[in-house]
Each structure stands twice: as structure tokens, then as C-alpha cells.
Amino acid sequence: MWDYTDKVKEHFLNPRNVGEIENADAVGEVGSLACGDALKLFIKLDENKERIVEAKFQTFGCGSAIASSSALTEMIKGKTLDEALGVTNKEIADFLGGLPEEKMHCSVMGQEALEVAIAKYRGGPVPSHDHGHEHEQEGEIVCKCFGLTDGFLKKVISQNRLHTAEQVTHFTKAGGACGGCIPKIKELIAEVLGEQQKQEPKKPERLTNLRKMQLIQEVLENEVRPLLWADGGDLELIDIAGNAVQIAFRKACAGCASSGYTSRFVEQKLRELVADDITVEEVQG
Amino acid sequence: MREIYLDNNATTKVDEVVFEEMRPYFCELYGNPSSMHYFGGQVQKKVDEARQRVAGLIGAQPEEIIFTACGTESDNAAIRSALEVFPNKRHVITTRVEHPAVLTLCRSLSKHGYRVTELNVDSAGRLDMDELRDAVDDNTAIVSIMYANNETGVIFPIEEVGRIVKEKGALLHTDAVQAVGKIPLNMAESTVDMLSLSGHKLHAPKGIGILYVRKGVPFRPFLVGGHQEKSRRAGTENTASIIALGKACELAGQHMGDENSRVKAMRDRLENELLRLIPAARINGGGADRLPNTVSIAFEFVEGELILLYLSELGICASSGSACTSGSLEPSHVLRAMGVPFTCAHGSIRFSLSRFTTDEEIDTVIRELPAIIRRGREMSPFGRELLAK
Ligand code: FES
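Chains F and S, in that order, give the protein sequences. Using our numbering, the letters of the first sequence map in sequence onto residues 1 to 285. Using our numbering, the letters of the second sequence map in sequence onto residues 1 to 389.
Any given hint could be a false lead.
[Claimed, not checked] Derived BS3-like pairs: lysine-lysine, alpha-carbon spacing no greater than 27 Å straight-line:
id, chain 1, residue 1, chain 2, residue 2
1, F, K184, S, K111
2, S, K230, F, K144
3, F, K120, F, K77
4, S, K111, F, K186
5, F, K144, F, K184
6, S, K45, S, K166
7, F, K120, F, K49
8, F, K44, F, K120
9, S, K46, S, K230
[Claimed, not checked] Pulled from the structure, derived: some chain F residues nowhere near chain S, Cβ distances all over 10 Å:
id, residue
10, D37
11, K154
12, K184
13, I238
Quick caveat, the hints were computed from the structure, so don't treat them as lab data. Since the structure is predicted, the reported quantities are computational estimates derived from the model, not experimental observations. Think of the CB as a built atom: it goes at the ideal place given N, C-alpha and C, for glycine as much as any other residue.
I would like the entire structure built from these sequences, with the hints used as guidance.
Set out below in C-alpha cells:
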């Protein structure tokens, strides 16, 4: 049996936003019956066509596919299209407190559907991973069984820092049917790794303020919040002024007796990973 | 929540009577049957008794029974033995719907210079005897075909297979782990040379199995070492489990009638009611001869794992042919071999009953499942079209 988090279970037992929107502004469809899962996403924008006011889905798939769809629709409500496009599959998985690696493709499917919907709305080229549907293709097809291109696979590989072909299969399904594309997937991994190494020279000597803020956010998102979620807690970044970071605790962490300890832990992490003169302060917010 | 366990082809509850039978052989009668002293000797007697009981269930002679650790070991031992016995025969025949214990081995053999034929099945899961007749030749060392399929319960005509195989002088092995205890088998009047059986499928514990090897059939051991099992399977005997398996086989013989009347009636009722209450459903292997306890039912436009998770919330344990992991994206190799349309291959559920299944449990499934399927279809972009009709 899969080791699903309580949040995943909660979302497939009581999925939010199931259904369709009659006169949706954008509709994105990915997957097919043959693939074993499929997602149709409906988006409604406000009068100014700026922000998403409503999102609904129909999904054919396993428990984590339903939960990922439900999470996605919750996450994009209230966002502008550009903000929504910034939602990564990792964030969908994180929203659910994590997914078993073998099920990560469910979160990727959510991200794909969103991209397809927005691309169609904007009238640009439609991303190719619209398996089984007739749309313009971008890039070269690598996995024939699931209709996935090199561009798409490279994006997933780099965003999720994947190192093995098996991981790529878990995240995208590519390689999971006939396996014919596995050598090519390995090449793509090597390419992405090469590109990343070029782009990432060690730790920069002196951090610009902007870079420091980005790093702080990244560390909180990737290193700290997932740990808090595991215990039903959460935190929010309130402000950054120079080296002083202000955070507020949420959920189980709010009012928790050991929140002082938690602040110190956050401080330690930030000192270790960003800069060693950072201070963390808890505020009500 | 009390579980409603309808996954007996995966594993079964150890019968309490069986457990009582094995219990003394851990802390009190823990002797090694190979020892020269009375303390080991008394265990040896019980192991002999168990061997007779197992042999009794399948109409074999006690010397033809080799205790192993599981069905998988028995399968591996049988096939590898045949290849050693006939070093010049480089051809193996099996089926596309075999258990991975056989199929994975055969596929690895094909990478090591053996020719492997995987026989097809029709849409009801039946073998084509003409295909077998064409495939078997003087170069065939062994034909390994399951007695009954674990996913669909479809029973293969093993004796007919045997007659064809014997003409060409090949050995016949059958993986009978799903069949033993559910339908009568009689090795005394059979063409089978080797047969695998697994304890945990018939209310004995996990970790015990047997390989039946017909007297006179040449055999080479898979595990070598000590002289246990007449040097046909080295390793100290799993005495408690062997004794348990003996008891389980005795009980299986006694309950065979029940399995084929009461259990079968419950299975039939479950099947008929689900077909009546749920549109766009079909029985996988419905047209074939099947085990009395198994039903594999396919629902269009809804995914199997989701059904299982919703059932599981109600304490109902079943299994799906498809494992929706990206690693095995193919629905199930069995359903695919049968050409089950992809609209429903992903939505197949297997219920497998046992003599411990009750009518009330079947009632619960009949009551709950239609709403679950409906709910899954309502969420699915494809299912809605079906519901609209
Ligand atoms: S081409 Fe990628 S799995 Fe077949």
C-alpha cells in the first residue's frame, strides 16, 4: 500500500473543485484513458481577465492523481496567470505534504494541464505533452509511448533535480511502457547536469541583497517548511530587512510551546545555507 | 472497523487449527529432524506425517514432495532443473499470463541463449492448443504453464497440455499455487512432471511451499548443501511451517466441497449482482472455466487504485490488476495479453474469496461498490459521458 500523507488522503477522499465550468476562459487537457490517467482543468478569470477566480477539474486516475488535481485547483485560485504558471509540480506535491516518488507524475500532470490551459488561452504554441491529443508540438518527441518531448523532460529533470532514468519515469512516466526511450533519457539527464554545473559556480563571494532574499526564501521553502508540515505546522515569511528575518508561525506551530526552539532551528539553517550573520525573529502576523 | 478480506489470491489467513498444530514446534519441540537423538526424531515423524498429508491432497506419493521456501523457489527450481537435465535442449515454453516467478525467469533465460516461447491467450484468457502444438519441438526442455491464473482465475487444461508436451519428450511443470485446495488435483493420473504449491495461499503460513517431482523424472537441486529432502533441497527444514502446511492441506481436502459449492455460490452472487447494478462492467475471463473463488471485474472509465482506496476506507480488501505506479504503466500483463480494451483495463478489480468469507461480507460489497464506481466516474472526464447516457 502507498504511504500517502494524511493530506493526500484527505484530498482524494474529499476532493475540492470537482466538475466543469460552463463558460470557462481556459481549458487544459492532458493524458488519456490509454495512459492510465488524464486531467481536464477548467479556469475562470475575473472581469479584467487578470486573476483566476475559479478552477475545477475532472480527473481519471489513481488516488494521488485526484489529490494532485484537487491541490492544484486550490493553489491557483486568486493567482494571476503568470503567477499560476510559476506553480511547479514540486509545489503541488509539497502542498500535499509530499507524494511517494513513484507517484510524482501525478503532480507533473497537474502542472502540465495548467500550462496547456494557459497556452491555449493566450493563443501561443501549446506545450506538447498533451498526450493523445492533436496539438502543435514543441521540441522533439523522446518518449513515443507517452508523447513527451526533450524540452519537457529537461524541464522536469532540472526543476526536480533528477539523477536517474528511473526517477524520470516516476515523474513523467517516460520510459515506463516499452522502455525504448531510456538511453535517450539518460543523455538528457547528463545534458541537464552539464548545464547546471556551468550555471552554478560555488557560493557567490558577496551576496547581493536580492540574491540573499531569494536564497532565504528558497531555504525556507525547501528545507524548513516541509519539516514543519510533517508535524502539522507551518510558517510564513513576513519580512526581510538586511540580515533580520521575520517569520510568523502557522497551524500547529502557532502558539506551540517550543516555537522558540523552532525559531532557533530556522536561524541555524539560514546561517548554514545562506549567510552566517542572519538573525531570525518571530512576529505575530 | 472489521476487515472484509477478499484478497485471498494474494495471501490467506492462517487457519487457527493450523496455527495450533505448528505452535509447539518453536519453543518446545524445536529439534532438528536430521539429528540422531530422540528429540530431533520426534520432529522427523511429524515432518513425515506432513509430507503424507500434502501428498494426499494432490494424489501424489510422499517421496514426490520436496519442501521449499515458497512457490517462487519451486518454480525456479523446476525450470532450472529441467535445463540442467537436458543441457542440449535450449527451448522453453511458457505463457504470457504467467506469474512473474516464472515469467521473469524465462525472460532472463532468453538473454542467456535460450529460446523462449510465450503462448498467447484469447480474450477469455484461454490457451490456444494449436499454438502449443506448433511451438513444442525436440529442442524443448520444459513447458511451464500455470494451472490457474491468479488474476482472473481462468483454469488451463493442463492434462491436454501434457499430452501434447509428452509427444515431444519435454518436461511439464505447472505452477499450481492458485489451484491447489480450490479444485481437485490428482497427480496419480496426471501428465504433470513437476508442480509448485505455496502454503500461504491455502491458510498455512508464508514462507513454505513444495515442489512435486514425479518419481522417475530426473531432477537437479536448486539449493545445494546438506542432504535434507534426500539432497534435493539443502537447508534445515522449516519444521513448524512444514507441519502447518501438512495440516492446511488436510483441511483443504476436507473443505474442497464447500469451496466448490458455498464459496462458489457467493462468488457467483457477487459477480451477478455487480454486473446487474453497475453499467459498463464486464468479467475478465468470463467465458472460461474458472476457479470457484475468483472474480476479476473491469469497470470502464474509472481507475482501479482509486476504487481500491475507497473500498479500503470501508475495510474492504481487494486488489487491482493494474499497479498504477509509473514503473508498471501497463495495466496488467494478464489483462493486456487478453486484449482487455484500455478503456477498462485500468479499472479492473479482483475479489478472491475463501472458506472464511461470509454472505454478510458479500452483501456489504454489493451494497457499497456501485456508489464508489459512480463517484469515480463522476470525477473522470470520460466517465461523465457514460453517466449522461
Ligand atoms: S518510448 Fe518511452 S516508454 Fe516507450
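A quick look at each hint next to the structure:
no., hint, result
1, F:K184 <-> S:K111, "holds (22 Å)"
2, S:K230 <-> F:K144, "violated (53 Å)"
3, F:K120 <-> F:K77, "holds (18 Å)"
4, S:K111 <-> F:K186, "holds (23 Å)"
5, F:K144 <-> F:K184, "holds (12 Å)"
6, S:K45 <-> S:K166, "violated (36 Å)"
7, F:K120 <-> F:K49, "holds (14 Å)"
8, F:K44 <-> F:K120, "holds (14 Å)"
9, S:K46 <-> S:K230, "holds (17 Å)"
10, D37, "violated (7 Å)"
11, K154, "holds (18 Å)"
12, K184, "holds (17 Å)"
13, I238, "holds (38 Å)"
The structure is inconsistent with the numbered hints 2, 6, 10, although it conforms to all the rest.
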